[in-house]
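All residue numbers for the sequence shown refer to the UniProt record's numbering, where the first residue is 1 and numbers rise by one.
Everything labelled a hint here was simulated from the structure, so no lab data went into it.
Quick caveat: nothing in here was measured; it's all calculated off a predicted structure.
It is possible that part of the hints are untrue.
Quick list of in silico lysine-lysine cross-link-like pairs, BS3-like style, CA-CA up to 27 Å [as the list claims (entries may be wrong)]:
| hint | residue 1 | residue 2 |
| --- | --- | --- |
| 1 | Lys216 | Lys165 |
| 2 | Lys132 | Lys203 |
| 3 | Lys140 | Lys117 |
| 4 | Lys202 | Lys141 |
| 5 | Lys53 | Lys117 |
| 6 | Lys140 | Lys197 |
| 7 | Lys197 | Lys216 |
| 8 | Lys169 | Lys192 |
| 9 | Lys241 | Lys192 |
| 10 | Lys2 | Lys229 |
| 11 | Lys132 | Lys165 |
| 12 | Lys141 | Lys194 |
| 13 | Lys165 | Lys192 |
| 14 | Lys192 | Lys216 |
| 15 | Lys169 | Lys202 |
| 16 | Lys53 | Lys16 |
| 17 | Lys86 | Lys194 |
| 18 | Lys165 | Lys117 |
| 19 | Lys28 | Lys258 |
| 20 | Lys229 | Lys258 |
| 21 | Lys194 | Lys85 |
| 22 | Lys28 | Lys140 |
| 23 | Lys85 | Lys165 |
| 24 | Lys203 | Lys165 |
| 25 | Lys170 | Lys140 |
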Amino acid sequence: MKLIAALLTVYNRKQKTLKCLEQLFYNKLPDGYLLDVYLVDDGSTDGTAEAVKSNFPQVNVITGSGNLFWNRGMHRAWEESVATKKYDFYLWLNDDTFIFDDTLEHLLACSEELNHKSIVCGSLCSENDCTKVTYGPRTKKSLIIPDGTLQEAFLINGNVVLVPKVVYKKVGMLDPIFPHAIGDFDYGLRAKRKGFKSYSTKKFIGTCENNVNLPKWCYAKTPIRERFKALYSPLGNAHPKYFFIYENRNFGFSQAFKHYISIHLRVILPQLWK
1 MKLIAALLTV
11 YNRKQKTLKC
21 LEQLFYNKLP
31 DGYLLDVYLV
41 DDGSTDGTAE
51 AVKSNFPQVN
61 VITGSGNLFW
71 NRGMHRAWEE
81 SVATKKYDFY
91 LWLNDDTFIF
101 DDTLEHLLAC
111 SEELNHKSIV
121 CGSLCSENDC
131 TKVTYGPRTK
141 KSLIIPDGTL
151 QEAFLINGNV
161 VLVPKVVYKK
171 VGMLDPIFPH
181 AIGDFDYGLR
191 AKRKGFKSYS
201 TKKFIGTCEN
211 NVNLPKWCYA
221 KTPIRERFKA
231 LYSPLGNAHP
241 KYFFIYENRN
251 FGFSQAFKHY
261 ISIHLRVILP
271 QLWK
């Protein structure tokens, strides 16, 4: 029997979380597979944890500190799963991502085609237009558009990712040095340095709506003090300290230093974004 641990971290999105789990459990697993779910509720005040326990009592709900955010929450869920059982696969899943009915079968089929020695990252589309890619694996230049084949990715996006145990054993978990963003990109690059490639799914495997807005610190209408506060928020998507660590680790000091300076210039002069 092959075991899969699905990992989620959630905060105050009760209805989306319930819909995400409903779609997950609606999936039919291939024969010989079992699924366990580990969900970190990071201090939700909208009753998310209680609703999950009531509607999906089979889910392992873990109480977060309230300051874990996405990456550290996913790391906490991963820790709990590893301490509980020996799993063959680890499935990252965002609670604002709604997978299709055959997604688990497709992910596992892709992984099998790769001899369970590569990461498989799901391509997602808009609910209103499933020809438009919103999230998923990337080349160096752009999001990968599914074309019926396994396409090698340069970066992976953490919405839907299947990590086989051979990758986990060599690469480990998401690095908790990153609170919220960047950890998924970093993981794929760390895996690559260990000799493991990442691939896209052959088709769209779910929906997730794209956030088209730039972070608050990018807008001139935001007062400069608020721009700096937003930049250094864990939710700012490019926290200078963590982005420097990520780039220095994966692309070298020169690029990391250059972007450390330029991002502060862009906060001071947001018109540079135009």
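Verification of the hints:
1. Lys216 x Lys165: 38 Å, violated
2. Lys132 x Lys203: 12 Å, holds
3. Lys140 x Lys117: Holds. Lys140 to Lys117 sits at ~22 Å (cutoff 27 Å).
4. Lys202 x Lys141: 19 Å, holds
5. Lys53 x Lys117: 34 Å, violated
6. Lys140 x Lys197: With Cα atoms ~14 Å apart, Lys140 and Lys197 stay inside 27 Å; holds.
7. Lys197 x Lys216: 34 Å, violated
8. Lys169 x Lys192: OK: Lys169 and Lys192 at ~14 Å, within 27 Å.
9. Lys241 x Lys192: Holds - the C-alpha atoms of Lys192 and Lys241 are around 23 Å apart, at most 27 Å.
10. Lys2 x Lys229: The given pair, whose Cα atoms are some 46 Å apart, is violated under the 27 Å limit.
11. Lys132 x Lys165: 32 Å, violated
12. Lys141 x Lys194: 23 Å, holds
13. Lys165 x Lys192: Cα-Cα ~15 Å, so holds.
14. Lys192 x Lys216: 33 Å, violated
15. Lys169 x Lys202: 26 Å, holds
16. Lys53 x Lys16: Given pair Lys53, Lys16 holds - Cα atoms ~15 Å apart, limit 27 Å.
17. Lys86 x Lys194: 21 Å, holds
18. Lys165 x Lys117: 8 Å, holds
19. Lys28 x Lys258: 48 Å, violated
20. Lys229 x Lys258: 21 Å, holds
21. Lys194 x Lys85: Within the cut-off at roughly 24 Å; holds.
22. Lys28 x Lys140: 34 Å, violated
23. Lys85 x Lys165: The hint holds at about 12 Å.
24. Lys203 x Lys165: 23 Å, holds
25. Lys170 x Lys140: 24 Å, holds
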